[in-house]
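Heads up: the sequence shown begins at 3 in my numbering, then just goes up one per residue.
Derived from the structure by calculation, the hints contain no laboratory data. Certain hints may be false.
What the hints assert, rightly or not - Beta-carbon label-pair distances, calculated as ranges: (1) 17 <-> 85: 19 to 25 Å; (2) 64 <-> 9: 29 to 35 Å; (3) 46 <-> 99: 16 to 22 Å; (4) 108 <-> 8: 36 to 42 Å; (5) 17 <-> 59: 16 to 22 Å; (6) 68 <-> 105: 24 to 30 Å; (7) 92 <-> 65: 30 to 36 Å; (8) 108 <-> 9: 18 to 24 Å.
Unchecked claim - The list that follows gives simulated cross-link-like pairs (lysine to any residue, SDA-like), each with its CA atoms no further than 20 Å apart: (9) 20 <-> 104; (10) 95 <-> 59; (11) 95 <-> 45; (12) 95 <-> 106; (13) 20 <-> 99; (14) 23 <-> 108; (15) 23 <-> 44; (16) 95 <-> 3; (17) 20 <-> 98; (18) 23 <-> 74; (19) 20 <-> 39; (20) 23 <-> 103; (21) 20 <-> 68; (22) 20 <-> 38; (23) 95 <-> 62; (24) 20 <-> 75; (25) 95 <-> 24; (26) 95 <-> 47; (27) 95 <-> 46.
In this text, all values refer to a predicted model and were calculated from it rather than measured experimentally. The beta-carbon is built from N, C-alpha and C at its ideal position, and this holds for glycine as well.
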Amino acid sequence: MITALSPTRLDDIEEALKNVKDLEIGINVVDLGLIYGLAWDDDTDTLVIQMTLTSAGCPEQDVLAEQTEQALVGVVERYRINWVWMPPWTPDKITDDGRLIISVLGLTT
3 MITALSPTRL
13 DDIEEALKNV
23 KDLEIGINVV
33 DLGLIYGLAW
43 DDDTDTLVIQ
53 MTLTSAGCPE
63 QDVLAEQTEQ
73 ALVGVVERYR
83 INWVWMPPWT
93 PDKITDDGRL
103 IISVLGLTT
């Protein structure tokens with residue numbers, strides 16, 4: 003059974019995932035809008051991460067998976083990433099904090 007995370011647990015996980023950064027853009031996956039959902043699988047006691055990439059052919063999938071593993075050490079014991087492609091990622095998924103980072107870096111969306 004998949005259940006929602008408590009607000010505190012959700013905040014802890016999102017903070018940890020902010021250490022996972024897109025190497026090309028330099029923004030974390032949370033503020034870039036690559037995390038489509040976080041939930042808990044009670045049957046397997048596992049965090050389920052719905053994550054996408056900026057494009058289906060993005061070569062960073064393995065790197066982001068490794069960074070996710072490192073970021074979640076001490077936060078959750080078990081997790082799995084479900085790579086999702088629908089809806090496709092677009093720049094409108096970037097958070098306000100992400101847009102601020104982009105502007106500081108001199109990039110545009």
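Going down the list of hints, with the structure as the test:
{"no.": "1", "hint": "17 <-> 85: 19 to 25 Å", "in the structure": "22 Å, holds"}
{"no.": "2", "hint": "64 <-> 9: 29 to 35 Å", "in the structure": "31 Å, holds"}
{"no.": "3", "hint": "46 <-> 99: 16 to 22 Å", "in the structure": "32 Å, violated"}
{"no.": "4", "hint": "108 <-> 8: 36 to 42 Å", "in the structure": "38 Å, holds"}
{"no.": "5", "hint": "17 <-> 59: 16 to 22 Å", "in the structure": "30 Å, violated"}
{"no.": "6", "hint": "68 <-> 105: 24 to 30 Å", "in the structure": "29 Å, holds"}
{"no.": "7", "hint": "92 <-> 65: 30 to 36 Å", "in the structure": "22 Å, violated"}
{"no.": "8", "hint": "108 <-> 9: 18 to 24 Å", "in the structure": "35 Å, violated"}
{"no.": "9", "hint": "20 <-> 104", "in the structure": "15 Å, holds"}
{"no.": "10", "hint": "95 <-> 59", "in the structure": "19 Å, holds"}
{"no.": "11", "hint": "95 <-> 45", "in the structure": "31 Å, violated"}
{"no.": "12", "hint": "95 <-> 106", "in the structure": "18 Å, holds"}
{"no.": "13", "hint": "20 <-> 99", "in the structure": "11 Å, holds"}
{"no.": "14", "hint": "23 <-> 108", "in the structure": "17 Å, holds"}
{"no.": "15", "hint": "23 <-> 44", "in the structure": "28 Å, violated"}
{"no.": "16", "hint": "95 <-> 3", "in the structure": "28 Å, violated"}
{"no.": "17", "hint": "20 <-> 98", "in the structure": "14 Å, holds"}
{"no.": "18", "hint": "23 <-> 74", "in the structure": "14 Å, holds"}
{"no.": "19", "hint": "20 <-> 39", "in the structure": "14 Å, holds"}
{"no.": "20", "hint": "23 <-> 103", "in the structure": "12 Å, holds"}
{"no.": "21", "hint": "20 <-> 68", "in the structure": "14 Å, holds"}
{"no.": "22", "hint": "20 <-> 38", "in the structure": "14 Å, holds"}
{"no.": "23", "hint": "95 <-> 62", "in the structure": "18 Å, holds"}
{"no.": "24", "hint": "20 <-> 75", "in the structure": "13 Å, holds"}
{"no.": "25", "hint": "95 <-> 24", "in the structure": "14 Å, holds"}
{"no.": "26", "hint": "95 <-> 47", "in the structure": "29 Å, violated"}
{"no.": "27", "hint": "95 <-> 46", "in the structure": "30 Å, violated"}
Violated hints, in rising order: 3, 5, 7, 8, 11, 15, 16, 26 and 27; the structure is consistent with all others.
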